[in-house]
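Chains as they are written, first to last, in full-length UniProt numbering: chain A, 1 to 164; chain B, 1 to 401.
Incorrect hints may have been included.
Stated by the list, open to error - Using C-beta positions, here's what the derived DEER-type ranges look like:
| id | chain 1 | residue 1 | chain 2 | residue 2 | range |
| --- | --- | --- | --- | --- | --- |
| 1 | B | 275 | A | 105 | 50 to 56 Å |
| 2 | B | 6 | A | 147 | 40 to 46 Å |
| 3 | B | 96 | A | 128 | 55 to 61 Å |
| 4 | A | 56 | B | 342 | 55 to 61 Å |
As the list claims (entries may be wrong) - With the C-beta cut set under 10 Å, the calculated list includes, among others, these residues of chain A facing chain B:
| id | residue |
| --- | --- |
| 5 | 28 |
| 6 | 35 |
| 7 | 48 |
| 8 | 156 |
Bear in mind the hints are in silico, worked out from the structure with no lab data behind them.
Beta carbons are placed, not taken as given, at the ideal position from N, Cα and C, and that holds for glycine.
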Amino acid sequence: MIDLQTVAPPSFAELFAAHYRSMVRLAGLLGADDPEDIAQEAFARLHDRRLRDDGAALAYVRSIVCNLTRNRLRHLRLVRRRALDPPEAARSSEHAVLVAEEHRELLAAVGRLPRRQREALVLRYWLDLSEREIAEAMGVSPGSVKTHTSRGLSALGRALKEDS
Amino acid sequence: MNDIEQRLRAALDARAETFPASPGAWSDTMRRTRAGRLRRRLPLVPVLAAAVAVAVAAVWLAGGRGEKRDDTTAVRVNGLAQLVEKSLRENPPVGEVVTVPHPSFPEDPIHVWYSRAGDGQLRICSARKVTPADDSASCGLVEPLDKEEAGRVAGVTGRFPLPAEMVAYGMAEDSVHSVRVTFRDGRSFPGEVIRGRGLPAPVWTARFPGDLPDGVPVVDYEFADERGRRLQRLGDVLSPPCHRDKTPDGAGIPLPAGVTAHLHADNCLVFWYDGMAVGMSSNHSYMTLGADLKAPGRFPQAPFSVWAGAGQAVEGLWYGYTGERTARVELRTEDGRRATAETVEGFPGQGVRLFGGELPEGSNPSRDGAVYVGYDAGGAELWRHEDPGHKEIEARRTPTG
């Protein structure tokens, strides 16, 4: 039996080593143009906050990644609106090659979803989070998570039918 | 799970794989932390300090020896003493100056004191030897403290070349009566809380072995009150040696006597010998000639970095790196013997040339001191640097008569 009293909580460095990469990927999947910037800022905030409950640290980082990505996308939308003829940010050729052809159509549809639906789907189907965890990361109620997930899946279904 | 959910999982997995994580992520993140931001304000002081130490030696040598400069051997100027004096003048102490034994340089203790910033906020300042050739001084704000903070770290001595012991020190709240350093493997080492004369807050210091457990080099400082109740556990990730991420790749640049230079991640230059890392550019790039220093005017540059003699380098060898204009480096031992090393081109983008060779038999510059002189391709002297040896400094401090 493990004596929980003697199991040291993970240190900041251990959390970083275990989850940094996945936080970069989460930011990328949510549409951040510089996912590493988002992930590093999130971990830096965690470091400064020194959460007493180490178990809450990962949830905190996830919510910061979601928030920062949201703010970043909002900023980019404003910048693009101000520019008269803004070019859409081009995906690198590396990305184009790396993502298999079979996924492109679906990922493009995910990219067109409203922000909250996209967040709910990524947190649910990529990170496999529970509704409660998703709600915590998104800063919404579990009921809203259900709604966003359901609407997102329906929208994807429609988009794929229209494209086929 | 329906078809679209399965496809979505697969697509997100595939897409996620395309977002890379850079090898320098850890250090980039630490620079963004509050502690990192604090540290970023500090380099100006240590850089100036290093430059001053070099300049003092150069001026002294040039002025003191005049036309007979070529006859110069090891001339003793204690760079740290000069630096401490200058730092105390610029950052007047509040209360006494505490001295903490430096495990790597027993004859040069670390000086720690409090000072007030222009706006009256309390700062903790320290000056210490970083390498035999470099001294560093810095100050950092310790006000205001967050309510959960019981202390702050002002400095930790370096981890390379693999010291037997390290020491950490910093500021403690009044309520702190004891401090311990703990390793994640369970080892624990008591420190000391110093309540010196006139100090506005206690200074804590803790000494611990350099053989940290494998994995991320992290230690915890635990502050407790007079009844032994823990007030705060402060985790600190010590800068890992920059070669930690991988072993040497490729042939590297061979230097005389079996030393090979390799370039690792983050422009980390590492000297290898017989399968062991025996010298590397500091993680603190502002103290070195690394690629980060190529931007003109960013930092004053030290003329060179050198590892020479037992206790600091492979016994009987010296090696290091210097600026691109330096074609030859000469070493002059305390007894007048000389060794010369032609520099070779370093790695692209680093802006340094490498050198190395065998020391005069039986000499140990790190212990006995030496003068290093750099020459350009035409033979003109570009720089000179005096490294005071530990032995002479020790002798000077021993009361006579």
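**Message:** Which constraints among the numbered hints does this structure fail? Numbers only, ascending.
**Reply:** 2
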